[in-house]
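Asks: Start from the sequences, fold in the hints, and give me the full structure.
So the sequences go chain by chain: H and B.
The UniProt record's numbering applies: residue 1 is where the first sequence begins, and numbers increase by one.
The UniProt record's numbering applies: residue 1 is where the second sequence begins, and numbers increase by one.
These aren't lab readings, by the way, just hints derived from the structure by calculation.
Bear in mind the structure is a predicted one, so any value in this text is a computation, not a measurement.
You may find that some hints are simply not true.
[What the hints assert, rightly or not] The following label-pair restraints were derived from C-beta to C-beta distances:
id: 1; chain 1: H; residue 1: K102; chain 2: B; residue 2: L138; range: 40 to 50 Å
id: 2; chain 1: B; residue 1: D180; chain 2: H; residue 2: L35; range: 17 to 27 Å
id: 3; chain 1: B; residue 1: A278; chain 2: H; residue 2: R193; range: 34 to 44 Å
Note that the Cβ used here is the ideal one computed from N, Cα and C, for glycine as well.
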Amino acid sequence: MSISSQNTQDLTANTTEASLTERRRRRRERISVSLRYCLLIIFGLIMIYPLVWLIGASFKSNNEIFSSPWFWPKEPTTQGYVDGWKTSTPYTFGHFFLNSMKIAIPKVIGTAISSTLVAYGFARFEFPGKKVLFAILIATLLLPDVVTRIPQYLLFRELGWLDTYLPLFVPQWFAWEAFFVFMLVQFLRAIPREMEEASRVDGANSLQTLIFIVVPILAPALVSVCLFQFMWTMNDFLGPLIYISTVENYPVSLALKLSIDATEAFNWNQILAMTVLALTPSLVVFFMAQKSFIEGISTGGVKG
Amino acid sequence: MGGDSKFLGLWYVAPYIIGLLLFTAFPFAASFLLSFTDYNLLSAPEWVGLENYEKLFTRDRTFKKSLTVTLTYVFTTVPLKLIFALFIAVVLNYRLKGINFFRTAYYVPSILGGSIAIAVLWRYIFADTGLMNMIIALFGGEPVNWFGEPANALFTITLLRIWQFGSAMVIFLAALQSVDKSLYEAAAIDGAGPWHTFKSITLPLITPVIFFNLIMQTVQAFQEFNGPYIITEGGPLKSTYLLSLYIYDEAFKSFDMGNASAIAWVLFVIIMSLTLVAFWSSKKWVYYAGDKRS
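Replies: Here it is in structure tokens:
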């Protein structure tokens, strides 16, 4: 009798103590959560403000840009866009956008097709030298471009390709960017082969199987390949800087550099307006497909 | 697959083999050979042995300066960026509402960051009358000469790269989220505090992604070009004249292909040695789950 009452007492003592630690734990959790939100919001604002300011300032007059660090324009004007679009060259900014597309479209398509073929080869077939070749593929992921750039230039110069877009996308037709191949191989390895085997049993050859069975399954990964390649192409500066020499052929990145050289110190709003436009395609693409981007990054790992 | 010839796979990877030979292997070998020549595009390359290298390491002051700047840049940018990325990932790794929103917001700069447009923006933010100095003035501070002072100039470029911590952060976050929750519960029962838990459980478990991020970011930082080219143009007093700029100038402005190749090879050897050191040392500090070694 006395023993059991002792036990009950212990038990109640234990439960009050448990609810106390539970309460303490909850309080600590609440503090932790609010601290985390504070940090995230403060850093988030610092991170995003330059972009917000950029957009706001592109609608300000030149005098107003220098008058306050606040982003909201007091007297919004599109003068920056109107003047910036004309550029200091005989061409409008639209012309340079078109040039960028002339690089991006063949590059993206070539990357998608060649990377799919090569990834299929690596992921689904055994062939002599496969191990060595795949090891080389991984090694080239880490190979700095700087060491191949000069002879590449000499090669394209011999071919008479200088001041054309060919040097900027032909290598990509040969699955030159190992990163994309690697990403697709990883993706393919995770897909079971039953459907492909069934289609082979039904008499389809390997290419038909690739086109009608594998590509549809691969579609989400292919979309991220295309999006990444598109954005990297829009961001690429050094490539066009080396290969493109006449203003008529400039893509957006070079045109933007040209406009800071030409209008330096006077017309900030023009430059900022064109900066906004130059970023727009990448931003649009990113927000259209941000989910597949972030998933692609966290599974494959990516430069950037 | 069953009845296929054992060479069928080779057909599919053929584009890669051709591309590898033409655009990677041949240029790789050629640049090595070129680094022992004097070649200005006008006359045939002339073999000069080790002269380019000898000049770089004994007489070339620009090279010495540029190498110092590059190493300073890499060894400040990479650790700062990774620490910041890991810090934000840890803060985000909690049952928070709106985690996806923050993840996206933090990721936007690294999507745009490589763009020339962002480098242009940076130039205007840190200009004498730019956004940064206006904000400093708002708080009553003295304007800072960001691009005039050598120490500040390199710092603005470092800041630009830290600003793009997003992709490293997303990779850290994915790793943090895959840490087995029962380990944390066990640690809590043993009475471990948050810092202790982080140090002895979280950190060891995410060493593979720390290693991955470290290598990728280092290789990339050594090749930084857009930032210094657009924002500071290598100045002032060559304080932001990274090796990639020097190589570009030698190759495509002076058309001294031999010397440019030699510099590129020095840079390549530095990157490769650091990568090898990282791989070699990784046996000691990178923990792979299920690996018997640890």
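Asks: Please go over all the hints and tell whether each is borne out by the structure.
Replies: So, going through the hints one by one against the coordinates:
Between K102(H) and L138(B) the CB atoms are about 45 Å apart, so this pair conforms to the stated range of 40 to 50 Å. Between D180(B) and L35(H) the C-beta distance comes to about 25 Å, which sits within the given range of 17 to 27 Å. Distance hint for A278(B) and R193(H): a CB-CB separation of about 36 Å, consistent with the stated range 34 to 44 Å.
Hint violations for this structure: none, all hints satisfied.
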